[in-house]
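Visitor: What follows is the residue order along each chain.
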Amino acid sequence: MESFVQSVVSGVLTGSLYAMIAVGLTIVFGVMRIINLAHGEMVMLGMFGAYWSYTLLGLDPFLSIVVWAPVMFAAGMLIHRFLLKKIIPKGELNTLLYTAGLSLLIANLALFFWTGDYRTLNLGYAVMPARPFGIAVPIPLAIAFFMAIAISTSLYFLLTQSDVGRAIRATAQNPESAALMGVNVQRIQMITFGLGTALAAAGGVLLVPSLYLFPTVGEVLIVKCFVIVVLGGLGSVPGAIAGGILLGLVESLGAVYVSVAYKDTIGFVLFLLVLLFRPAGLFGVGRS
Amino acid sequence: MALLEVSQLRKDFGGLRAVSDLSFQLKRGEILGLIGPNGAGKTTVFNVITGFLPPTSGRLLLEDESLVGLKPHAVVKKGIARTFQIVKPFRNLSVLENVTLAAFLHEPNRSRAEAKAKATLDRVQLCGKAKANAADLTLSEQKLLEIARALATDPKILFLDEPMSGLNPTEVEVSCELVRRIRQDGITVILIEHHMKAIMNISDRVIVLHHGVKIADGTPQAVVQNRDVITAYLGERAA
Amino acid sequence: MTRLLAAAGILVLLAAPLLTNNSFYQHLMIMVLFWTLLGASWNLLGGYGGQVSFGHAAFLGIGAYVTMIFYLSLGLSPWLGMLAGGIIGALFALPIGLICFRLRGPYFSLATLAVAEIVRLVALNWEQLTAGPMGLLITTLPPISFGGMAINWESKLPFYYLAVALALFAMGLTYLVSRSRLGAYLLAVREDIDCAEAAGIDTVRTRVVALALSAFIVGLAGGFYSLYFRYVDPDAVFAISLSVEMVFIAVVGGLATTPGPIVGALVLVTIAEIFRERFQAGHLIFYGLFMMVVIRYMPEGIWGRLRLLLGRQG
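Top line first, the protein sequences correspond to chains A, B and C. Using the working numbering, the first residue of the first sequence is number 1, and each one after it goes up by one. Using the working numbering, the first residue of the second sequence is number 289, and each one after it goes up by one. Using the working numbering, the first residue of the third sequence is number 528, and each one after it goes up by one.
What the hints contain is simulated information worked out from the structure, not anything from laboratory work. Some hints could be false.
Here are the computed lysine-lysine pairs in the DSS-like style, where the Cα-Cα straight-line distance is at most 30 Å [claimed, not checked]: (1) A:Lys90 <-> B:Lys315; (2) B:Lys406 <-> B:Lys366; (3) B:Lys417 <-> A:Lys90; (4) B:Lys376 <-> A:Lys90; (5) B:Lys315 <-> B:Lys365; (6) B:Lys376 <-> A:Lys85; (7) B:Lys417 <-> B:Lys406; (8) B:Lys366 <-> B:Lys444; (9) B:Lys376 <-> A:Lys86; (10) B:Lys376 <-> B:Lys359; (11) B:Lys365 <-> B:Lys406.
With the hints as extra help, turn the sequences into a complete structure.
Guide: See below:
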């Protein structure tokens, strides 16, 4: 029983971070109908950003989010403006291949400059886990969890309450009608891509104290992201959040009750089953 | 024996009944017109019979063999070919290649399949464009190309979904002539069409669908005088 | 003209080892041919059929492990093992195809990625069969004689000619398929699946057959890999990056063309291997860069563009 509660807690904590990254992927899909294969590299850049600002400047990684999220937001807008905008009209497969190229380029530039070494970031206050009710909770994961909730809540308000948010949702539903209603679809796509990139990077920043970082870490994370967004329904924000937490739980419970070796396999099998039998996602809210 | 027998065909989309207990027979060698206001379920009937959508219930028999559960390509192999309402040629391939692909169905050898494709293009009078890219054809030529592609599979029945929409009067005349010639070649034709003059002109028999229900079935002359048909098209007052 | 070009190309391939004894260049040429082989087989399904698989590493790994395991535990000659690797790869492709081809476009791509990851994780964890992350090692290769000559597998030369033979086989097969009914059907599938069905084409069978053919060649390539490097582990032969590199070589060289893969491999592998020789990490920078440039400015690929410039079909 204790190990069950323990697994649920760590599953939810990790899952919330997956969820935040996956939300970035899913809003980009929702608005632009593209699957951004370079999304994992955006997470990786966020991780390295936090790592360097801590190592070189001593900036606490959790604080550094106020630097890296806006920087990556701008970077995402620029990537859309100068790279993707011309590619998207060429069709979804071309866009998929293009973002695959972008992904490989960024990962390998990172390898070139930072080498393939595995690094860790050790925080002084994060050595011992907190033990509320006898359950071990790693402090960095707990902080990240609460920050992820705060970020997701602000995103929710941004999407539902602001003009930009409404325009984003309108474009996701129907770009032609949105354009007819006076929405500048190109601008909204650019903002959305910036937002998606910023969310990925923020996820990276929050993950860095809890995960090894290396230039090709994005490859592992993007694959998890696909699983999550497909589980939740491509294009659905609540779906991605639920899918993220579900995957976190599947991984942590799978490790205890199935096998450590095959815990990742469960996620993929689930992924295939959902793709085949419930292409709109487990909760039936996405579009396929 | 009817060539094609449709009985109690039903198709639901979620809670919406698109086709409701439709039954009709298609006799060998006839030209049957399928008409009805927009949203009457005509294209859905085509999609179900040609295997693009599974029926909710009902029977489909081609020469006493069931078509239910067959994939579209298997339906084609049984002898039912179709065209699409919105033309869908293989845009990046040549006109000849478009038709050759279909001719391959019964002729695995490339040069013989190409010869057959050329002959088929001749039948629709598109031979002069064999080398052109399908995307570069005019709309009426693309419609002819689709018909040629369907003919190249040696169908017993040809399903034409609005072959005349968007054509000018001369092209409509050419198209009518083509449909008659196809029937003379022994192919049974069923077509959806909104061009009333054309359909009255070439059909032996007309079926009218309204909200997925068959409301009339008879000669063109009988159907246009049917009270339900007039109501369906023009509303209560006009009838 | 096309034949002349092809003959000249083959002659150059056969004569190339006479130019150098440098083992780096020999290795480079072998790698170019190895990737030509992979690019060509991916091109069959991805280029002609428009089905972008991100999971071909699964077949490479299966071919490599089958060859290794048959040799190490059953004593089967690795040359037969290579063939067995191809065949088992193709057999694996059948259920994979039947599952994944229910999906279209990017969804198909994601599904293949997931399948390949599942296969990798199984290889990593099924330790009785694969020795898990430790990998398998061949210490000696049995000698064979060819036309009375004993072949010395310690040198790179026999591998070079084996690679030439395999790459030519893959390109020849691509050429034959492109002229056949299967090739025509694949083009139809790439253009529009509904329309292809309406033309009487069994689109699922067409794609599954193409995938199986493609998997067969990739399986052979896996066997070649295991013999050339004499060592396999799951990260070496099942990595996602391998699947991605195959895609890049086929796309950069020119989709749905016979010479495309060799052009793509020549450009990308050469740059990458020289880069790797000079710097330790990041040798795939140019893969990414070329991919982006090709998609943006010449979606028909390098060979496709050359062909347009020369103004003829080939």
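Visitor: Give a verdict on every hint.
Guide: Evaluation of the provided hints:
Between Lys90 of chain A and Lys315 of chain B the CA atoms are separated by roughly 47 Å; this puts the pair beyond 30 Å, and the hint is violated. This hinted pair checks out: Lys406 of chain B and Lys366 of chain B have alpha carbons roughly 23 Å apart, not beyond 30 Å. Taking the CA atoms of Lys417 of chain B and Lys90 of chain A, the gap is near 28 Å; set against the 30 Å cutoff, the hint holds. Of the supplied pair hints, the one linking Lys376 of chain B and Lys90 of chain A holds, its CA atoms being roughly 19 Å apart against a limit of 30 Å.
Distance hint between Lys315 of chain B and Lys365 of chain B is fulfilled; the C-alpha atoms sit about 20 Å from each other, no more than 30 Å. Restraint check for Lys376 of chain B and Lys85 of chain A: satisfied, since their Cα atoms lie roughly 27 Å apart, inside the 30 Å limit. For the hint linking Lys417 of chain B to Lys406 of chain B, the alpha-carbon distance of about 10 Å falls within 30 Å, and the restraint holds. Taken as a hint, the Lys366 of chain B and Lys444 of chain B pair is honoured in the structure, with Cα atoms around 8 Å apart against an allowance of 30 Å.
Using a Cα cut-off of 30 Å, the hinted pair Lys376 of chain B and Lys86 of chain A holds, with the two alpha carbons roughly 26 Å apart. For the proposed pair Lys376 of chain B and Lys359 of chain B, the alpha carbon gap of about 19 Å is at most 30 Å, so the pair holds. With a CA separation close to 21 Å, the supplied pair Lys365 of chain B and Lys406 of chain B stays within the 30 Å bound.
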